[in-house]
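Enquirer: Since the structure of chain F is provided, determine the placement of chains L and U on it from the hints.
Protein chains in written order, with the working numbering: chain F, 1 to 264; chain L, 1 to 371; chain U, 1 to 307.
The hints are simulated quantities; they were obtained by calculation from the structure and are not laboratory data.
Note that the Cβ used here is the ideal one computed from N, Cα and C, for glycine as well.
Honestly, I wouldn't trust all of these hints.
Calculated lysine-lysine pairs in the BS3-like style (CA-CA distance at most 30 Å, straight line) [to be verified]:
id: 1; chain 1: L; residue 1: Lys-158; chain 2: U; residue 2: Lys-250
id: 2; chain 1: F; residue 1: Lys-144; chain 2: U; residue 2: Lys-298
id: 3; chain 1: U; residue 1: Lys-57; chain 2: L; residue 2: Lys-207
id: 4; chain 1: L; residue 1: Lys-326; chain 2: F; residue 2: Lys-113
id: 5; chain 1: F; residue 1: Lys-113; chain 2: L; residue 2: Lys-163
id: 6; chain 1: F; residue 1: Lys-38; chain 2: L; residue 2: Lys-72
id: 7; chain 1: F; residue 1: Lys-113; chain 2: L; residue 2: Lys-158
id: 8; chain 1: U; residue 1: Lys-302; chain 2: F; residue 2: Lys-144
id: 9; chain 1: U; residue 1: Lys-11; chain 2: F; residue 2: Lys-151
id: 10; chain 1: F; residue 1: Lys-163; chain 2: U; residue 2: Lys-153
id: 11; chain 1: U; residue 1: Lys-67; chain 2: L; residue 2: Lys-207
id: 12; chain 1: L; residue 1: Lys-158; chain 2: F; residue 2: Lys-38
id: 13; chain 1: U; residue 1: Lys-24; chain 2: F; residue 2: Lys-151
id: 14; chain 1: L; residue 1: Lys-138; chain 2: L; residue 2: Lys-260
id: 15; chain 1: L; residue 1: Lys-113; chain 2: U; residue 2: Lys-57
id: 16; chain 1: L; residue 1: Lys-158; chain 2: U; residue 2: Lys-153
id: 17; chain 1: L; residue 1: Lys-199; chain 2: L; residue 2: Lys-285
Covered by chain F, per the in silico footprint, the following chain L stretches (three or more residues, Cβ under 8 Å) [stated by the list, open to error]:
id: 18; segment: 73-85
id: 19; segment: 116-126
Have a look at the derived ranges for each label pair, beta carbon to beta carbon [claimed, not checked]:
id: 20; chain 1: U; residue 1: Ile-50; chain 2: L; residue 2: Ser-205; range: 33 to 41 Å
id: 21; chain 1: L; residue 1: Lys-113; chain 2: F; residue 2: Leu-63; range: 30 to 38 Å
id: 22; chain 1: F; residue 1: Leu-159; chain 2: U; residue 2: Leu-288; range: 20 to 28 Å
id: 23; chain 1: F; residue 1: Ile-251; chain 2: L; residue 2: Lys-172; range: 32 to 40 Å
id: 24; chain 1: U; residue 1: Lys-153; chain 2: F; residue 2: Ile-251; range: 23 to 31 Å
id: 25; chain 1: F; residue 1: Leu-155; chain 2: U; residue 2: Asn-3; range: 27 to 35 Å
id: 26; chain 1: L; residue 1: Gly-154; chain 2: U; residue 2: Lys-153; range: 21 to 29 Å
id: 27; chain 1: L; residue 1: Gly-75; chain 2: F; residue 2: Ser-29; range: 37 to 45 Å
id: 28; chain 1: U; residue 1: Arg-187; chain 2: F; residue 2: Ile-255; range: 18 to 26 Å
id: 29; chain 1: F; residue 1: Leu-155; chain 2: U; residue 2: Arg-187; range: 34 to 42 Å
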Amino acid sequence: MIILLSVLCTVPLFIILIYIFKEGFSKISWHFLINMPKPVGEAGGGIANALVGSLLIVFYASLIAIPLGIMCGVYLSENQNTRLANWTRLSVDVLQGTPSIVMGIVVYFWVVKPLHTFSALSGSVALAIMMLPIVVRSTEETLKLLPDTLKEAGLALGLPYHKVILRIILPCGISGILSGVILAISRIAGETAPLLFTAFGNLYFSTNILKPMESLPLLIFNYATSAYDDWHNLAWGAALILLIWVLLLNIITKIITRKWRVQF
Amino acid sequence: MQLKSKIKSTFLAVFVVAVLGSVVTGCDSGSSNKSTSTDSTATSGSADKTLLGAGSTFVYPLFSKQFSEYNKLNGLQINYQAIGSGGGILQLTNKTVDFGDSDAPLTDEQAQKMGVPVLHIPMCSGAVVISYNLPEVKDTLKLTPDVIANIYLGKITKWNDPKITAINPGVKIPATPILVAHRSDGSGTTNIFTDYLSKVNPEWSTKVGKGTSVNWPTGLGGKGNPGVSGLIKQTPGGIGYIELAYAIQNNLPYAKVQNKSGNYIVPNIASTSAAGNVTLPADSKIFLGNTDAADGYPISGFTWALIYQEQAYNKRSQDKAQDLLKMLWWEIHDGQQYCHDLDYAPLSPAAVTIAENILKSATYNDKAILQ
Amino acid sequence: MSNMMNVWKAKKIKRSVRQIRAEKIFRTSLVLVSLSILVIVVAFLFTLVIQSLPSIKALGFGFLYGKAWDPVHNIYGTYPFLLGTLLTSFLALIISIPFSFATAIFLGEYYPRGWFSDFLKNAIELIAAVPSVIYGFWGLFVLVPIVRSLELKIGVTPYGIGIFSASLILTIMIIPYAASLGREMVRMVPSSLKEAAYALGATRYEVIRDVILPYSRSGLFAGVLLSLGRALGETMAVTMVIGNTSVIPKSIFAPGNTMASVIANEFTEAASSLYLSALIEIGLVLFLVTVVINMIGKRIIKRFTTQ
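Excised from the complex, chain F in its bound form (with noise of 0.2 Å):
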């Protein structure tokens, strides 16, 4: 019975991942790929703009949230009890709670409303915002566990204190840390709720970060709730590839916690 149950649960995942698989695959060649969208009604096109548009906001979003998130967790890892580090990781929990579409509306008014323009940097930041939770946390916990031997002897030997935590303790960690990065990342990739009404869409192809930029999961979003059959099959193709993506990145971390991971 229980095996029944817990079996009967990863049944429509790969219900969901072979039908993507299927629809997608079909869909996806070299001009899919490289070409853009067609205006509506014409059949062919393709996700050039999207696929860019993504790497590009995932990339602005990962530059602001890895080093603020890092230096953030080793702050909290070095400080267990000061009122400021109880404080933090309370604000901590409580960004990962957030939905992410209240984070959209939230960082429209930061963002968008000031520069009165739509932007890839907004919806950057909207991510980053959301990718800060799991950064912090990752990079806490796994130093959490590293010996203070360690630090000890780097301080023994006279080293400041900067270089004992970068040169030393960051680097037996980076196991932990690259994972709770790359996990952070391939949530993200896949949000749409905080590009609605940050990042946009644009029909075009553009790398300006002051203006609207598509994504992925913005295409699948739009194109998938149209009538039309061209855009359905474009949005299948987008599907897979996002699925792609992101399965990719969560079996490279695997691999790397386990690969990478300095023992004590």
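Expert: Below, chains L and U without anything else, positioned relative to chain F:
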């Protein structure tokens, strides 16, 4: 140590790939510039050949074709996001877009919120058709205003209701339940439809009223014209109101609607133009619902592009204002040739003149932009 | 000789001064970064509250139980959305609990190690990794027609889209949260307790029922809370299959709307300031509810793991 150098070389490789990748895509795009400059709100003139617009899904098939052609003509990229007329108005109010498009002219409250004068430039007119999903029915159904209103009020719930069969003699209609679809977002198409219903059915007028977003008594909500079309297409027994182009592009049948004169009219370019053949006021705001024209389609409407009259706001450059005005000028003249293939009714010559006058009143720093 | 010593000392002092300064800068920047995260969260709350003030002032508490959402007449009541959110989330939770608990027990007690256990664990974690828009897409094209034919057989209006479909999709999406956490909790039951029970002649089932479950009860409850928090805030998959009708749903097979999906649909077009403010107030309520539930869950877990 071996681990460390392995990590270092992996990072180096990833970094190189990322840099190469962004360089390649940067070259690819050509016209857009990957600017990390501090020049944020001031759009730097001729280097920036893009315009941002948002609004109605009603006109989206037409805009999509027109902008793609205009891009071929002079390289200007017009990024139009069809988020619904309500969305277009809001984003124009927040000055996050260059122009909006709405099938519902600004209400007093919206105009007040904008603060400064906003120009309504008619783009074309179109028909809001009543589309349905009844694969067994091969003939085109006829519908009267009362029947449509009662379906949307939730009073008529089956397709073979006597009121429907009475006006469609000889047509075999199955006993499928009627599944009503409407818009879930703020929509000018809804505005045209509910304005029509308010004019023809007093119960609708008091109970629901008209607007871009109303309190629907019944039915499913779809996002945008594409969303409603999708709902109709996927739901057997579904009925919904969508722009003619969407019905045709999705091979959805649509009903003949009885107009004020008692004739059952097929929505097409001719009947929409007949309904639109009225004198426009100087500001071009007018409703075509329940037209008096004998062969006019009763659920037609205009769609308007919306821009601020004074274009020098938010450090907009004069070049950008000129690009915008030139594009809109093209829209009401050469752009009209694309209306026909997509079953939109082009502007009548009188309407074009009024539109020209409106465009000429746009200023940059109080100087007229178009000569 | 002493000259060289002095030069050398001076260099050392200069280097130490530099080092001390560098250390100070590093420590300060660590503090600043943590402070900024705190500031971000406070600013979040601040922005939400300020932007919903017009609506709070105009509508007061009636907002929460008002039954009509009528942007035309400026009447805003969140009751339909509260109901939609609660219905979908709790229905999803109820359906998913047997599955997540079964998985937790299976992976925690029967097969804590082994290739099958790894496979199942990875599969469950993969469920959480799939983006929600893909769930919505699949749901729209595969699940909804199935639900529609089910509704035809039962005899209700075959919308297909509606509360029921949304709950089904949510069920699939939230299983991993309770399952992974549950598995950890079940594994943490001390072997001495279990062995004592076996020594007294209990069957495996009795051990699970009378030892493991009561012991990890609060942990399992925390897992359930986390799943609930996830379900409440889920936007995209629900928006695509719930029908977007802002009325109180007449049955679970009818279309409805949740707090998250109404914001997603109507935010970019809320043209009047009261409308926009009302939507943001919904966002504020959603934010507070999900945060509180998540915090309670995390608090329970922390208490459990430090016991």
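Enquirer: None of the hints should be skipped; say for each whether it holds.
Expert: Here's how the hints hold up against the structure:
{"no.": "1", "hint": "L/Lys-158 - U/Lys-250", "in the structure": "holds (18 Å)"}
{"no.": "2", "hint": "F/Lys-144 - U/Lys-298", "in the structure": "holds (18 Å)"}
{"no.": "3", "hint": "U/Lys-57 - L/Lys-207", "in the structure": "holds (27 Å)"}
{"no.": "4", "hint": "L/Lys-326 - F/Lys-113", "in the structure": "holds (27 Å)"}
{"no.": "5", "hint": "F/Lys-113 - L/Lys-163", "in the structure": "violated (51 Å)"}
{"no.": "6", "hint": "F/Lys-38 - L/Lys-72", "in the structure": "holds (13 Å)"}
{"no.": "7", "hint": "F/Lys-113 - L/Lys-158", "in the structure": "violated (47 Å)"}
{"no.": "8", "hint": "U/Lys-302 - F/Lys-144", "in the structure": "holds (15 Å)"}
{"no.": "9", "hint": "U/Lys-11 - F/Lys-151", "in the structure": "holds (27 Å)"}
{"no.": "10", "hint": "F/Lys-163 - U/Lys-153", "in the structure": "violated (70 Å)"}
{"no.": "11", "hint": "U/Lys-67 - L/Lys-207", "in the structure": "holds (16 Å)"}
{"no.": "12", "hint": "L/Lys-158 - F/Lys-38", "in the structure": "violated (39 Å)"}
{"no.": "13", "hint": "U/Lys-24 - F/Lys-151", "in the structure": "holds (17 Å)"}
{"no.": "14", "hint": "L/Lys-138 - L/Lys-260", "in the structure": "holds (26 Å)"}
{"no.": "15", "hint": "L/Lys-113 - U/Lys-57", "in the structure": "holds (19 Å)"}
{"no.": "16", "hint": "L/Lys-158 - U/Lys-153", "in the structure": "holds (17 Å)"}
{"no.": "17", "hint": "L/Lys-199 - L/Lys-285", "in the structure": "holds (17 Å)"}
{"no.": "18", "hint": "73-85", "in the structure": "holds (count 4)"}
{"no.": "19", "hint": "116-126", "in the structure": "violated (count 0)"}
{"no.": "20", "hint": "U/Ile-50 - L/Ser-205: 33 to 41 Å", "in the structure": "holds (38 Å)"}
{"no.": "21", "hint": "L/Lys-113 - F/Leu-63: 30 to 38 Å", "in the structure": "holds (37 Å)"}
{"no.": "22", "hint": "F/Leu-159 - U/Leu-288: 20 to 28 Å", "in the structure": "violated (46 Å)"}
{"no.": "23", "hint": "F/Ile-251 - L/Lys-172: 32 to 40 Å", "in the structure": "violated (57 Å)"}
{"no.": "24", "hint": "U/Lys-153 - F/Ile-251: 23 to 31 Å", "in the structure": "violated (41 Å)"}
{"no.": "25", "hint": "F/Leu-155 - U/Asn-3: 27 to 35 Å", "in the structure": "holds (33 Å)"}
{"no.": "26", "hint": "L/Gly-154 - U/Lys-153: 21 to 29 Å", "in the structure": "holds (24 Å)"}
{"no.": "27", "hint": "L/Gly-75 - F/Ser-29: 37 to 45 Å", "in the structure": "violated (28 Å)"}
{"no.": "28", "hint": "U/Arg-187 - F/Ile-255: 18 to 26 Å", "in the structure": "holds (24 Å)"}
{"no.": "29", "hint": "F/Leu-155 - U/Arg-187: 34 to 42 Å", "in the structure": "holds (37 Å)"}
When held up to the earlier numbered hints, the structure conflicts with 5, 7, 10, 12, 19, 22, 23, 24 and 27 and fits the remainder.
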